[in-house]
Amino acid sequence: MRDLAVPMVGDRTDAGGGALTPHLPLMPLRVRGLGYRAGGRALIDELDLDLSVSGITMVLGPNGAGKSLLLRLLHGLIAPTTGTISWGGLPLSREVRARQALVFQKPVLLRRSVGENLDFVLRLRGATGTGRRDQLLEQVGLLHLAKQPARLLSGGEQQRLSLARALATEPDVLLLDEPTASLDPASVQTIEAIVREAGRRGVRAVFVTHDIGQARRLGDDVVFMHRGRVAEHAASKVFFESPASEAARDFMAGRIVL
Amino acid sequence: MRAKSIVFRLLDLHLPAFRKFCIFTPETEQGLCILHDFAESFRLAFALVVSGDRDLYEIILLSVQVSLTALLASCIIGFALGTLVALTRFPGRGLVIVLFNTFMGLPPVVVGLLVYLTLSRAGPLGTLGLLYTPAAMVIAQTILITPIIAALSRQIVEDLFGEYDELFRSLSVPVHQAMAAVLWDARYSLITVALAGFGRAIAEVGAVMIVGGNIDHLTRVMTTAIALETSKGDLALALALGIVLLAISMAVNAAALSLSSTAARQAYA
Numbered sequence: 002m003r004d005l006a007v008p009m010v011g012d013r014t015d016a017g018g019g020a021l022t023p024h025l026p027l028m029p030l031r032v033r034g035l036g037y038r039a040g041g042r043a044l045i046d047e048l049d050l051d052l053s054v055s056g057i058t059m060v061l062g063p064n065g066a067g068k069s070l071l072l073r074l075l076h077g078l079i080a081p082t083t084g085t086i087s088w089g090g091l092p093l094s095r096e097v098r099a100r101q102a103l104v105f106q107k108p109v110l111l112r113r114s115v116g117e118n119l120d121f122v123l124r125l126r127g128a129t130g131t132g133r134r135d136q137l138l139e140q141v142g143l144l145h146l147a148k149q150p151a152r153l154l155s156g157g158e159q160q161r162l163s164l165a166r167a168l169a170t171e172p173d174v175l176l177l178d179e180p181t182a183s184l185d186p187a188s189v190q191t192i193e194a195i196v197r198e199a200g201r202r203g204v205r206a207v208f209v210t211h212d213i214g215q216a217r218r219l220g221d222d223v224v225f226m227h228r229g230r231v232a233e234h235a236a237s238k239v240f241f242e243s244p245a246s247e248a249a250r251d252f253m254a255g256r257i258v259l
Numbered sequence: 124m125r126a127k128s129i130v131f132r133l134l135d136l137h138l139p140a141f142r143k144f145c146i147f148t149p150e151t152e153q154g155l156c157i158l159h160d161f162a163e164s165f166r167l168a169f170a171l172v173v174s175g176d177r178d179l180y181e182i183i184l185l186s187v188q189v190s191l192t193a194l195l196a197s198c199i200i201g202f203a204l205g206t207l208v209a210l211t212r213f214p215g216r217g218l219v220i221v222l223f224n225t226f227m228g229l230p231p232v233v234v235g236l237l238v239y240l241t242l243s244r245a246g247p248l249g250t251l252g253l254l255y256t257p258a259a260m261v262i263a264q265t266i267l268i269t270p271i272i273a274a275l276s277r278q279i280v281e282d283l284f285g286e287y288d289e290l291f292r293s294l295s296v297p298v299h300q301a302m303a304a305v306l307w308d309a310r311y312s313l314i315t316v317a318l319a320g321f322g323r324a325i326a327e328v329g330a331v332m333i334v335g336g337n338i339d340h341l342t343r344v345m346t347t348a349i350a351l352e353t354s355k356g357d358l359a360l361a362l363a364l365g366i367v368l369l370a371i372s373m374a375v376n377a378a379a380l381s382l383s384s385t386a387a388r389q390a391y392a
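Each protein sequence line maps, in turn, to chains X and L.
The opening residue of the first sequence carries number 2 in the numbering used here; numbering runs sequentially from there.
The opening residue of the second sequence carries number 124 in the numbering used here; numbering runs sequentially from there.
Only chain X is shown next, with the shape it has when bound in the complex (with noise of 0.2 Å):
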């Protein structure tokens, strides 16, 4: 495994969880023996993984790998059964998941209208007024569509109301689980170009895909996954060029991989 060098900031994790100011760097991430166990099964296995503080990391491999496992894991929505998980030194807490969002493949949208739903979020940030909605939808080319019910949009829609709602949230971290899965090439085109500019602005994205295309077109590095470990990670260029795990080769070459 070709792990990048990642600058890490000083081991403050004697801060217990404690109050996270907004001015602490929420990167890099170092995860230490990860283990999540159900059924019986070692769904994710002693896993290691260091992500940088900049970029966009795009977390690729094949079904059942445990891509969209890790992503649940690193916000905390499941509790790992081994490991430790440390987001700029600091460990999992309701404060650090605060500064992060994450988009789930199969959006959950609030049973009202598309402006309705940013607003709910906008709210519990303490944001007032129709402002900041409406430049958010805007950037997503929903704002023609505030008022429609958001469970009557189209799939893509609904991916980029979902988008434009992480976004609400002022996340350091974006955490993006397989959002462009069944959607057009125009959604998809739509939703890359939002995470791109998120990115550039200073969002640091971890993006799950199956898909080689978008991760050769949106990487900065990208993490392969096999069988709940890390088989490799490279930066993209790298990894493309010349993987060096045989699963990433199987998968480039789009052999089964099991």
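Any given hint might turn out to be false.
[Stated by the list, open to error] Example chain L residues on the side facing chain X (calculated, C-beta under 8 Å, incomplete):
(1) Tyr287
(2) Arg292
(3) Ser293
(4) His299
(5) Gln300
(6) Ala304
(7) Asp308
[As the list claims (entries may be wrong)] Short, incomplete list of chain X residues facing chain L, as computed with Cβ under 8 Å:
(8) Val54
(9) Ala99
(10) Val109
(11) Val122
(12) Thr129
(13) Arg133
(14) Thr170
(15) Val239
(16) Phe241
[What the hints assert, rightly or not] List of simulated lysine to any residue pairs, SDA-like, C-alpha gap at most 20 Å:
(17) X:Lys107 / L:Gly285
(18) X:Lys148 / L:Tyr311
(19) X:Lys238 / L:Glu289
(20) X:Lys107 / L:Tyr311
(21) X:Lys107 / X:Pro186
(22) X:Lys148 / L:Trp307
(23) X:Lys107 / L:Glu286
(24) X:Lys107 / X:Val189
(25) X:Lys238 / X:Ile257
(26) X:Lys107 / L:Arg292
(27) X:Lys148 / X:Pro172
(28) X:Lys107 / L:Thr385
(29) X:Lys148 / L:Thr385
These are calculated hints, taken from the structure and not from any lab test.
Since we're looking at a predicted model, the values are computed, not measured.
We treat Cβ as the ideally placed atom computed from N, Cα and C, and that holds for glycine.
Starting from the known structure of chain X, fit chain L onto it as the hints suggest.
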């Protein structure tokens, strides 16, 4: 037997023919009376409603007042209990859910009896002097419909919260805001639950008869009046009241259907 079956077939086909047939058939005399009462009752019901009969409106008004008050109390208690059980985990939660579901089918006369024993002079709340008052009827109806509202709202809130759970955790939504959001988003379904509770309350007779006593101008409601008129043999008036009761019930159901349709149309459901 043969004549009877012909009568019922004619009943389905043509009313005057049935009447004509019945005159010559002693065996169907009773059937004629019943049919006559049906026809008469519709006319009477309409006449009663349009005449502005004070007694009738008093009975209708009291029925609606008692049931609406019971509904309000039940919604406050039932929605709170349902939401609490839906969103929290505690030992014995399964038993609470089973009890909610079981009590949905509480026999009204049993509830009436228990409220009667509680409110009677020798009972623990006898000093309040509530027996044979509309308040006693409200208490009985509240006990009857609270489990319905609690059980159905628990299921609705739990299902919706299951959908939202990961999103709320991801956004670190405080518990009270999560509860408010779920209740708001489930409002159409919860209003339908409330309407179901109202339907059950206004159609109930056993409990209100026991604790209200069916006292004229005091505790007489539509269902107890129907029971009384039936026992007196004034079937037409009883049926007329029944038609008014059915009309209210239909209006409630139409409102529920309309709400469901609105919710579905707006994809909120």
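Checking hints one by one. Is Tyr287 of chain L an interface residue toward chain X, by the C-beta closer than 8 Å rule? With a minimum Cβ separation of about 7 Å from chain X (threshold 8 Å), the hint on Tyr287 of chain L holds.
Given hint Pro186 of chain X paired with Lys107 of chain X - CA-CA distance at most 20 Å: Distance ~17 Å between Lys107 of chain X and Pro186 of chain X Cα, so the pair holds.
Within a Cα-Cα threshold of 20 Å, do Lys148 of chain X and Trp307 of chain L meet the stated pairing? Satisfied, since the Cα-Cα distance of roughly 17 Å is no more than 20 Å.
Holds or violated: Lys107 of chain X and Arg292 of chain L, Cα atoms, limit 20 Å. holds, 16 Å
Compare the distance between the alpha carbons of Lys107 of chain X and Gly285 of chain L with 20 Å, and conclude whether the hinted pair is satisfied. Satisfied, since the Cα-Cα distance of roughly 14 Å is no more than 20 Å.
Given Thr129 of chain X as an interface hint, is the shortest Cβ-Cβ distance to chain L below 8 Å? At about 16 Å, which exceeds the 8 Å cut-off, the nearest Cβ of chain L leaves the hint on Thr129 of chain X violated.
Lys148 of chain X and Tyr311 of chain L were given as a pair; does the straight-line alpha-carbon distance stay at or below 20 Å? At roughly 19 Å apart (the allowed maximum being 20 Å), Tyr311 of chain L and Lys148 of chain X satisfy the hint.
Decide if the proposed pair is consistent with the structure: Lys238 of chain X and Glu289 of chain L, CA atoms, cutoff 20 Å inclusive. Distance ~35 Å between Lys238 of chain X and Glu289 of chain L Cα, so the pair is violated.
Please verify that hint: Gln300 of chain L, Cβ, nearest Cβ of chain X, below 8 Å or not. holds, 7 Å
Does the CB of Ser293 of chain L sit less than 8 Å away from some CB of chain X? Because about 5 Å separates Ser293 of chain L from the closest Cβ in chain X, which is inside the 8 Å limit, the hint holds.
Quick check on Val239 of chain X please, does its C-beta sit within 8 Å of some C-beta on chain L? violated, 32 Å
When you check the alpha-carbon spacing of Lys107 of chain X and Glu286 of chain L, does it fall within 20 Å? Holds - the C-alpha atoms of Glu286 of chain L and Lys107 of chain X are around 11 Å apart, at most 20 Å.
In summary, the structure is inconsistent with hints 4, 8, 12, 13, 15, 16, 19, 20, 25, 27 and 28 from the numbered list given earlier, while agreeing with the others.
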